[in-house]
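So the protein sequences, as listed, match chains L and H.
First residue of the first sequence? That's 1 in the UniProt record's numbering, and the numbers climb one at a time after it.
First residue of the second sequence? That's 1 in the UniProt record's numbering, and the numbers climb one at a time after it.
Keep in mind that the hints are not guaranteed to be accurate.
[Stated by the list, open to error] Here are the in silico distance ranges between beta carbons for each label pair: (1) L:Thr88 with H:Asp161: 23 to 31 Å; (2) H:Pro181 with L:Thr88: 31 to 39 Å; (3) L:Arg139 with H:Tyr61: 34 to 42 Å; (4) H:Thr142 with L:Thr59: 51 to 59 Å; (5) L:Leu85 with H:Asp92: 33 to 41 Å; (6) H:Glu21 with L:Arg149: 29 to 37 Å; (7) H:Glu137 with L:Asp204: 52 to 60 Å; (8) H:Pro138 with L:Glu84: 38 to 46 Å; (9) L:Glu69 with H:Asp159: 29 to 37 Å; (10) H:Asp161 with L:Arg51: 20 to 28 Å; (11) H:Lys122 with L:Ser20: 35 to 43 Å; (12) H:Val178 with L:Ala133: 15 to 23 Å; (13) L:Arg140 with H:Gln132: 25 to 33 Å; (14) L:Ile134 with H:Glu21: 20 to 28 Å.
Hints were generated in silico from the structure; no laboratory data involved.
None of these values were measured; they are calculated from a predicted model.
Ideal Cβ positions, reconstructed from N, Cα and C, are used throughout, including at glycine.
Here are the chains, one letter per residue:
2 protein chains.
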Amino acid sequence: MSLADSPARQEGSPRGRPRSEAVERSIIEGAIKLLEDGVPLAEISIERLARTAGVGKATIYRRWSGKEELFVDVMRATEPPDTELPGTSMRDDLIALLEPLRQRGLASRSSALLHNVYAQIKSSPKIWAAYQAIVIEPRRLTTFEVLRRGQRDGELRDDVDIEVINDLFVGPMLVRAVMRPDAELPEDLAEQIVDTVLAGLRPDRP
Amino acid sequence: MSLADSPARQEGSPRGRPRSEAVERSIIEGAIKLLEDGVPLAEISIERLARTAGVGKATIYRRWSGKEELFVDVMRATEPPDTELPGTSMRDDLIALLEPLRQRGLASRSSALLHNVYAQIKSSPKIWAAYQAIVIEPRRLTTFEVLRRGQRDGELRDDVDIEVINDLFVGPMLVRAVMRPDAELPEDLAEQIVDTVLAGLRPDRP
Chain L
1 MSLADSPARQ EGSPRGRPRS EAVERSIIEG AIKLLEDGVP LAEISIERLA
51 RTAGVGKATI YRRWSGKEEL FVDVMRATEP PDTELPGTSM RDDLIALLEP
101 LRQRGLASRS SALLHNVYAQ IKSSPKIWAA YQAIVIEPRR LTTFEVLRRG
151 QRDGELRDDV DIEVINDLFV GPMLVRAVMR PDAELPEDLA EQIVDTVLAG
201 LRPDRP
Chain H
1 MSLADSPARQ EGSPRGRPRS EAVERSIIEG AIKLLEDGVP LAEISIERLA
51 RTAGVGKATI YRRWSGKEEL FVDVMRATEP PDTELPGTSM RDDLIALLEP
101 LRQRGLASRS SALLHNVYAQ IKSSPKIWAA YQAIVIEPRR LTTFEVLRRG
151 QRDGELRDDV DIEVINDLFV GPMLVRAVMR PDAELPEDLA EQIVDTVLAG
201 LRPDRP
């Protein structure tokens, strides 16, 4: 997968108006192209971004407060789209929430470039923190909602700390997708993790 | 915890003879001191290490093939000691295997320095790969042994892929200890993870 093929951002930035979406997209695509061409993040200035997208610097500053904010949108553009939750059961919702992590793992395996982009973003504490707050944290909150609903509906134990429960589902997928780049990511991994953690690893008694 | 207080390496390097252990220790402690003083990894040469420890360069090269190999031993010196497995049950052994990860998480929380050392080591792909192969991989193999024994003894399901089982136990601890530096690491976390994954998260039927 090439970064340029990545799904486009799903929502407009709060500063953008609908009619300027095409401009925003061309700025973000320009940023992705620079990274694809191997330009280090440190050498990508607002001026260079403006030149690449064929717009004025003011056009960029009207939409983003600076490079950090812009690159969070770049990261968002490389993310697999958030799947809609089926809402049929907690189990199905959890699988839908884990699947994008597997997709992201697959994407960074097939693209050395995407892998390098993540590494560069992580090396900038400001952009990484913004990415965590804007992209990761909302997903985490959604997962907590799904888990609490599961507890209310009797699908989930309520005697274990909800943060621990969250990590029991998310941890195994993250470790495979992000921390161990050689680990396999079979198609049914999200399902396997959710079903096994729900059922437990003790053998069935006869 | 200061790096200098870290547990010393537990085994001699294959190149070292017992009588030279004190020399090796002083070289490793010198390396740790340089990192503690904020000297970037890139600026620490064998020459500087020799000067710091008060030995000749040849003394270092007799023990390590170069900087990479030496810094794997430095990393090892900052690791919590591998606990001996109690061997009473798979459950107890798994808890003993997860606990050092929690300890490492606690150590890098209390020491910004240790945190920086990890970050520097990770930024060197050669040292990081050596660390994975020499420190992490043996632990992983021990865990697989414990899991297989659990399957033979009827403590663990045998219808789930053993690598997935491994990640169900290790993933939640790694995510908390390493990936989310703000996550809590309560004293009974290893126990909570192992017992909950074994029992499963479905509510007990009445």
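Status of each hint after checking the structure:
Our hint of 23 to 31 Å for L:Thr88 and H:Asp161 holds, since their Cβ atoms are close to 26 Å apart. Against the hinted window of 31 to 39 Å, the Cβ-Cβ separation of H:Pro181 and L:Thr88 comes to about 36 Å, which satisfies the hint. Between L:Arg139 and H:Tyr61 the C-beta distance comes to about 50 Å, which lies outside the given range of 34 to 42 Å. The hinted window of 51 to 59 Å between H:Thr142 and L:Thr59 holds, with their beta carbons roughly 57 Å apart.
Here the CB-CB span from L:Leu85 to H:Asp92 is close to 39 Å, well matched to the stated 33 to 41 Å. For the hinted restraint 29 to 37 Å between H:Glu21 and L:Arg149, the CB-CB distance of approximately 58 Å leaves it violated. Between H:Glu137 and L:Asp204 the beta carbons are some 33 Å apart, a value that contradicts the proposed interval 52 to 60 Å. Look at H:Pro138 against L:Glu84: about 44 Å separates their beta carbons, and that is inside 38 to 46 Å.
The hint said 29 to 37 Å for the Cβ distance between L:Glu69 and H:Asp159, and at roughly 48 Å that hint is violated. Distance hint check for H:Asp161 and L:Arg51: the Cβ-Cβ separation is about 51 Å, which falls outside the suggested range of 20 to 28 Å. For the hinted restraint 35 to 43 Å between H:Lys122 and L:Ser20, the CB-CB distance of approximately 39 Å keeps it satisfied. Separation of H:Val178 from L:Ala133 is about 20 Å and conforms to the stated range, judged on CB atoms against 15 to 23 Å.
Checked against the hint of 25 to 33 Å, the pair L:Arg140 and H:Gln132 passes, with Cβ atoms roughly 28 Å apart. Between L:Ile134 and H:Glu21 the Cβ separation comes to about 51 Å, which falls outside the hinted range of 20 to 28 Å.
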